Amino acid sequence: MDTIDISNLNRQFLFRQKDVGEPKALVAAKFIMNRVPGVKVTPYFGKIQDKDEDYYMQFNLVICGLDSVEARRWINATLVNMVDPENMESLKPLIDGGTEGFKGQARVILPTVSSCYECSLDMLNKPTAFPICTIANTPRLPEHCIEWASVLEWPRVHGDKKLDTDDPEHIGWLYDIALRRAKDFKIEGVTWSLTQGVVKNIIPAIASTNAIIAASCCNEAFKIATTAASYLNNYFMLIGTDGVYSYTFEHEKRADCPVCGGESLDISVKKDWTVERLIEMLVEKQDIQIKKPSLSTPTKQIYFQAPPQLEEATRPNLEKKVSDLVADGGEITVTASSLPFNLSLRITYT
Amino acid sequence: MAQPDSQELGEATTAIHAQPDSKTRRYDRQLRLWAASGQSALESSRTLVIGATATATSILKNLVLPGIGHFTLLDPKSVSPADAGNNFFLNGYSSIGKNRAEEAVPLLTELNDSVDGKASTKDIDELLRTDEGREWIKSFTLVIAHNLGKDTIETLSKLLWDGLANPPLLVVRSAGFLADFYIQFHEQCIIEPHSETFPSLRLTRPFPALAEWAKSTDYDAIDPTDHAHIPFPIILVKETEKWKAEHNGELPKKYADKQSFKSQIRDLQKKMDEENFEEAEAQSWRISTEVPAPSDIQSLFALSPLSSSADSQSASTASNTVFHALLQTLKLFVESPDGPGCLPLTSTLPDVHTDTESYVKLQKMYKEQAAKEAALFKDILKKTYPDTPLDDSMVDLFVKNTHHVKVLRGRRWGVWEEDKNAIASSFGPAPAATATHLALSSLANLQAQGIEITAEALQAGVVSQLPPNAELPSALDDAIGELVRSPTADLPNTAAFLGGMIAQEAIKMITKQYVPVNGYCVIDLVESWTGIVGAP
Ligand SMILES: [Zn+2]
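Line by line, the protein sequences give chains G and B. Quick note on numbering: the first sequence equals residues 1 to 350 in UniProt numbering. Quick note on numbering: the second sequence equals residues 1 to 536 in UniProt numbering.
Pulled out of the complex, with its shape left as it was, chain G reads as follows:
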């Protein structure tokens, strides 16, 4: 779905200056077919979520070069759900790679057989979040001033107009506002580059690390496709900042993995907790990573974030105690727009 940005050119060997602005998939496919005789690459310029199981069923394996957790969770859950134990053809190996600076990892996921992407969600770095009160009242770092500009000032001044972090005009506006804020508070260090880095959550990326991880992914695909050698079981991690350190290990399946585990997630809740408190706890939980969860039991709706009428109708429940709505050992189903599956919780009270 992505188009080529000038900042891709420091590591993307299929794109040139003249391709900036063009769809990545189309340019890459064309370049490869030009260079390598006899190879056929079919580009698809669109969202992966717009394709259904029939589409994914036609392939033998899937390699991910995705840049977001959300998209990875989606393809992972989709491939796990596709597995039909009666039909081995439905099991599509998923190869996933990612990098950050001189570090990277590659892994092979055999949906339902080995640990899946969701099983290892707690290995991700916690994103740095700045408390709103710090941003609003006691900024200390240039990052606090930038967050003030993007989180508080942008919606206050521009209303419903969406912030486009790829638009240099928008970054310029944020930079200007953040700079003034910093000046007022005598804080140093607000730059264009930092502003862009904070609002886009930019992760450093270089050609060499990406080559290592891409090669590793292709190498595993090659071994699976040709059976020339056994493939990675199942996780390869590389750190190149201090010499070369790598670690190859088997990441274990989680019995309570909401995607491949089949068991509900056990959650213990204090007897006097309100529904609102439970939601807060779920949002903070590193191993499930959801933003706006909606909750229900098999028989009733507890709280729904959308549509507005339903939200309004269920809002009074936020103040009720969970224990008044769900029995000890009872189940709650969690859904969220960022969650590509329904999460089942088993509630026990303490």
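Calculated from the structure, these hints are not laboratory results. The reader is advised that the hints may include incorrect statements.
[Said to hold, decoys possible] Derived CB-CB ranges, DEER-like:
{"hint": "1", "chain 1": "B", "residue 1": "Pro429", "chain 2": "G", "residue 2": "Glu188", "range": "44 to 50 Å"}
{"hint": "2", "chain 1": "B", "residue 1": "Gly149", "chain 2": "G", "residue 2": "Ser193", "range": "44 to 50 Å"}
{"hint": "3", "chain 1": "B", "residue 1": "Ala36", "chain 2": "G", "residue 2": "Tyr56", "range": "41 to 47 Å"}
{"hint": "4", "chain 1": "B", "residue 1": "Pro386", "chain 2": "G", "residue 2": "Ser68", "range": "56 to 62 Å"}
{"hint": "5", "chain 1": "G", "residue 1": "Ala306", "chain 2": "B", "residue 2": "Pro429", "range": "56 to 62 Å"}
Remember, it's a predicted structure, so these values are computed and weren't measured experimentally. In this text, a Cβ means the ideal position worked out from N, Cα and C, and glycines have one as well.
Guided by the hints, dock chain B with the ligand onto chain G, whose structure is given.
For chain B with the ligand alone, coordinates are given in the frame of chain G:
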């Protein structure tokens, strides 16, 4: 502090004019790692790559994209059908029969207009035979060789080892799914290893302004809001002083003492959840880590510069001379009665839970002290080394990184193999990596002698590198099996993987940022692991 007036912010004109230039935007994702200083080192570098194989062009791809200054790709051979099938930087079958380097270079340089790339069809062995050829090889910043014959590598590595100013040599060998590489260098001085540890905040030896702030802080006289905003360094300085006064000037050292020190801080809280006191408790580990100089920095004080009378004038030796002058100055700084008795303060203050005013004040205090100490450092430097040409920005960078600077001392390629017992003892900690390395060496020996590659011949070659009766790990059979299967294959995936690994190391060597491998890095893409053997 009053809230700044934000009434007219809506009218703010956009600062789009402040957008960086297109070069900065192109390199944005890497400048965040090695900054303008690393980029400029890359741009002034000249790399020689010997052998236009799939691996070599993959390495170059990853050096051209980030913008090295110049490369020369050296190869007299013509493109074979096998090359056309595995090398992405050839024009497919239409390249067959043409020179390998000349076919690859245009496809590499078109990746980045600012890189100057040249093909050379000369033969490395012939170049090594003439003075002119040898001087030409030595004129590069870095030399990379892939799958060169054993004799050629021996001659080349000796040539480049013979002179401190000669370029480092990266020797890469691969066959099928297996590979190893080695960087031959005399000395790598790293000012910015990008260590993730925080330098000392001077909590146990506070400078005057910091000590004064701590001393004048009266927990009881402060109103409750400000009490919850006392910065943790102030709390820790104050409580350390108190602890020392009550414990004969000693810091809390034993576990039990550290626990009581923590509870001493906890008891200061006036309300539940005063985050600044929680932070002070959580950060109290810092006070037991504040030594005058960490042991690895102290060991650098005793390091004497490498010397070789022949090339004391050359540029690269001179830059290490400056680095050693800086190290000796650092030692004098730590010992100086006018100094703090420890490494210079760096001005980097982590985020501290406090109000804006206190934070800015604290940050200013740290910055001013850091500037004072940097000035003292420069005074000592000038007095001690009046004749050394110094680059002010390099000195500043050094002073900022004195907690982290590193010096690596390397060895000549092949030295490790001269000690058979050292190799045998490497089987213990790294059986598979050692076995794979030996099998690759054995393969190179057989190829040099024109002997047929069989499992028996490879095994005999490995045994000959070991002391009599050395026990062989089972991993050796796997490595030998893989080499017999594909002794000459340059697999595209292995080539791509090595292309990334070698380029990473080349960038670390050229920028002198981050830490390169010292020893052999062994790679097995059957089981997907890497390992290090033969580190000095
Ligand atoms: Zn799972």
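Status of each hint after checking the structure:
no., hint, in the structure
1, B/Pro429 x G/Glu188: 44 to 50 Å, "holds, 48 Å"
2, B/Gly149 x G/Ser193: 44 to 50 Å, "holds, 47 Å"
3, B/Ala36 x G/Tyr56: 41 to 47 Å, "holds, 45 Å"
4, B/Pro386 x G/Ser68: 56 to 62 Å, "holds, 57 Å"
5, G/Ala306 x B/Pro429: 56 to 62 Å, "holds, 57 Å"
The structure fails none of the hints (numbered hints given earlier).
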